[in-house]
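Engineer: Spelled out from the first residue to the last, the chains are:
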Amino acid sequence: MTAGLRDVLSVRDLTVRFGGAPANVIDGISLDVAAGRTLAIVGESGCGKSVTSMALMGLLPSNATVAATATTFLDAPLLGRDEKHWRDIRGNRMAMIFQEPMTALNPVFSIGDQIAESIARHRGLSAKAARARALAMLETVRVPDAARRLDAYPHELSGGLRQRVVIAMALANAPALIIADEPTTALDVTIQAQILSLIATLQAETGTAMILITHDLGVVAEVADDVAVMYAGRIVESGPVAALFDDPQHPYTIGLMGSMPSQGPRGGRLATIAGRVPTPAEMPPGCRFATRCPFVVEACRTARPPLRAITPGHDVACIRAPLEQHLGAAA
Amino acid sequence: MTMIETVSPILFRPRSTSRALQKFLGNKGAMIGAGILIVFALAAIFAPWIAPYNPIKTNFLVIRKPPSALFWLGTDELGRDLLSRLIWGARGSLVAGGISVAIAMAIGVPLGLLAGYFGGKLDALISRIVDALLSCPFLVLAIALGAFLGPSLINAMIAIGLSAMPIFARLTRGQVLSIRHEDYLEGARAIGLPDRWIIARYVLPNILSPLVVQAALTIASAILAEASLSFLGLGQQPPYPSWGSMLNAARNFMEQAPWMSLAPGAAIYITVLSFNLLGDGLSDALDPKSQH
Chain A
1 MTAGLRDVLS VRDLTVRFGG APANVIDGIS LDVAAGRTLA IVGESGCGKS VTSMALMGLL
61 PSNATVAATA TTFLDAPLLG RDEKHWRDIR GNRMAMIFQE PMTALNPVFS IGDQIAESIA
121 RHRGLSAKAA RARALAMLET VRVPDAARRL DAYPHELSGG LRQRVVIAMA LANAPALIIA
181 DEPTTALDVT IQAQILSLIA TLQAETGTAM ILITHDLGVV AEVADDVAVM YAGRIVESGP
241 VAALFDDPQH PYTIGLMGSM PSQGPRGGRL ATIAGRVPTP AEMPPGCRFA TRCPFVVEAC
301 RTARPPLRAI TPGHDVACIR APLEQHLGAA A
Chain B
332 MTMIETVSPI LFRPRSTSRA LQKFLGNKGA MIGAGILIVF ALAAIFAPWI APYNPIKTNF
392 LVIRKPPSAL FWLGTDELGR DLLSRLIWGA RGSLVAGGIS VAIAMAIGVP LGLLAGYFGG
452 KLDALISRIV DALLSCPFLV LAIALGAFLG PSLINAMIAI GLSAMPIFAR LTRGQVLSIR
512 HEDYLEGARA IGLPDRWIIA RYVLPNILSP LVVQAALTIA SAILAEASLS FLGLGQQPPY
572 PSWGSMLNAA RNFMEQAPWM SLAPGAAIYI TVLSFNLLGD GLSDALDPKS QH
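Going down the list, the protein sequences come from chains A and B.
Numbering-wise (the numbering used here), the first sequence opens with residue 1 and increments by one.
Numbering-wise (the numbering used here), the second sequence opens with residue 332 and increments by one.
Each hint should be verified, as a subset may be incorrect.
Reference listing, derived: stretches of chain B covered by chain A, where coverage requires no fewer than 3 residues with Cβ under 8 Å from a Cβ of chain A [to be verified]:
(1) 372-380
(2) 502-515
Just the calculated beta-carbon pair ranges, DEER-fashion [said to hold, decoys possible]:
(3) B:P525 - A:A67: 21 to 29 Å
(4) A:S45 - B:P525: 53 to 61 Å
(5) B:G450 - A:H155: 25 to 33 Å
Simulated from the structure, these hints should not be mistaken for lab results.
Note that the coordinates shown come from a computational prediction; the quantities given were computed from them, not determined experimentally.
Glycine residues also receive a C-beta, built at the ideal position from the N, C-alpha and C atoms.
Just need the whole structure built from these sequences, with the hints factored in.
Structural biologist: Pasting the structure below:
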């Protein structure tokens with residue numbers, strides 16, 4: 001996607017299937033994230049965003065089968081390694097920011113202990129040195145009065161502060177890649193903006209690559225460099241943020257844009273996409289969006305549409321793209 | 332429990348240990364319970380120096396004497412001083428309660444942790460064994476095991492511990508399941524912690540307070556169970572006293588010498604009550620969320 005920059009993570013044809021399920025939950029997605037860049041994975045609930053992030057972290061339960069034709073993380077294969085290898089990567093080279101700051105922290109230990117734990121685990125520092133680094137991390141994420149809050153318990157902090165602590169834990173070992181799974185969804189709007197700008201600032205300072213998982217296109221527009229739109233376990237459209245927002249090509253992306261609330265006076269109801277994501281049992285053989293697509297033709301139902309470039313770097317998995325050609329004739 | 336949520340003026344307390352301790356020390360019931368238990372424990376430890384008479388030496392001149400200045404709690408059917416026997420009996424009863432619960436927890440809690448954390452076939456296996464053991468009433472199981480192992484105080488403790496084990500296994504497993512999908516466990520895995528570390532630092536501390544309460548309650552029932560086993564002759568062996576065996580002997584003289592059953596009965600009652608108070612106080616103090 002971004003030629004010239006070194007890819008931190010590169011995944012080809014990732015598939016995930018749960019034991020006994022009739023179809024792949026993740027069906028052949030490819031991702032590249034370069035250092036210092038942010039890739040947003042967008043889609044509605046149940047499209048496989050979180051499963052993708054769990055698969056990349058090796059955190060899926062044992063009844064899940066994860067496969068890919070090629071995976072590279074920091075110039076080494078990522079999948080197919082043993083659990084010990086995963087534990088050395090997780091929290092160290094690759095870290096995760098969770099959605100729910102209210103429950104993502106261990107309620108019985110102080111936040112200082114928790115940040116220090118990850119540092120001690122991966123760096124083998126003494127308790128004192130790890131604590132000092134934990135304090136430095138709290139200051140890095142702009143927690144006011146950090147020295148005193150080091151001994152605070154999670155329930156004594158507000159949601160915004162807790163999310164800062166979660167971010168501090170994720171950044172504690174200077175990871176090469178951060179996976180942020182809906183990092184601002186549980187926060188109120190003003191705090192969301194603070195957290196997003198904090199993440200952006202820290203990313204600029206550290207040059208960390210980031211995968212941002214969200215359903216909020218506003219968040220995408222604010223912090224992402226590239227976007228991958230997921231639908232029912234496949235990437236239906238991907239490209240730079242500007243290209244996708246200015247010129248969405250896949251009917252699903254267009255539908256998502258239409259259902260985004262905007263500022264100013266509203267002209268009528270928000271648009272919605274009729275129907276719902278098909279369950280694995282009812283997954284259509286062709287395009288998985290065919291059952292809900294307003295532009296569907298017979299060919300859509302039979303063959304899987306390949307992801308192809310409309311303009312350089314902007315890929316769409318729709319046989320009718322670019323849509324203007326077809327719509328121009330109809331309208 | 333009624334709890335009024337108040338905004339504490341001191342938002343940041345120093346360390347968890349000292350805070351829990353402060354809360355515990357401020358709990359009157361728990362302090363009374365702990366105080367009584369300490370007195371009993373000291374009495375048990377220093378029995379040879381405190382007890383006014385030899386607890387097993389019979390004296391046929393003073394059989395079944397009611398409490399007097401000479402024998403504060405009276406004497407039993409063989410003329411032994413009841414106060415001395417009560418003090419010596421504290422050894423058997425308190426040790427039996429403590430050790431048997433320690434045995435129960437040492438086996439039951441790890442089994443519950445394994446079953447709850449890993450699930451699957453391991454869980455199925457452990458849970459079926461626990462179910463089978465739980466299908467038998469606690470006391471009946473303890474008596475059966477005690478009879479099988481043979482009459483002695485140590486065997487009684489093992490029998491009671493094994494019988495109480497499934498309660499801890501089941502409670503632990505249930506508690507683990509209730510927090511199994513909490514985000515902080517996922518978070519612990521996401522920072523690369525190994526399973527045994529997660530179990531020790533993330534799972535166990537978060538389920539500890541119900542276990543501590545259960546332990547205090549089970550010590551109480553273990554003391555009663557030891558009394559029952561002694562009562563049947565399976566626990567502390569004569570002539571050495573335990574509260575249960577004293578009660579057993581007193582049963583025959585309820586009409587003629589009621590003081591004989593009063594002393595050990597009251598001791599058991601007060602001890603059980605104290606452990607319950609202590610358990611309640613501990614559960615309050617150990618919960619970081621409850622405001623004092």
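Engineer: Each hint needs a verdict: does it hold in this structure or not?
Structural biologist: Going through the hints against the structure:
1. 372-380: It is violated, with 0 qualifying residues against the three required.
2. 502-515: holds (count 3)
3. B:P525 - A:A67: 21 to 29 Å: About 25 Å separates the Cβ atoms of P525 (chain B) and A67 (chain A), which means 21 to 29 Å holds.
4. A:S45 - B:P525: 53 to 61 Å: violated, 32 Å
5. B:G450 - A:H155: 25 to 33 Å: holds, 28 Å
Of the numbered hints listed earlier, those contradicted by the structure are 1 and 4.
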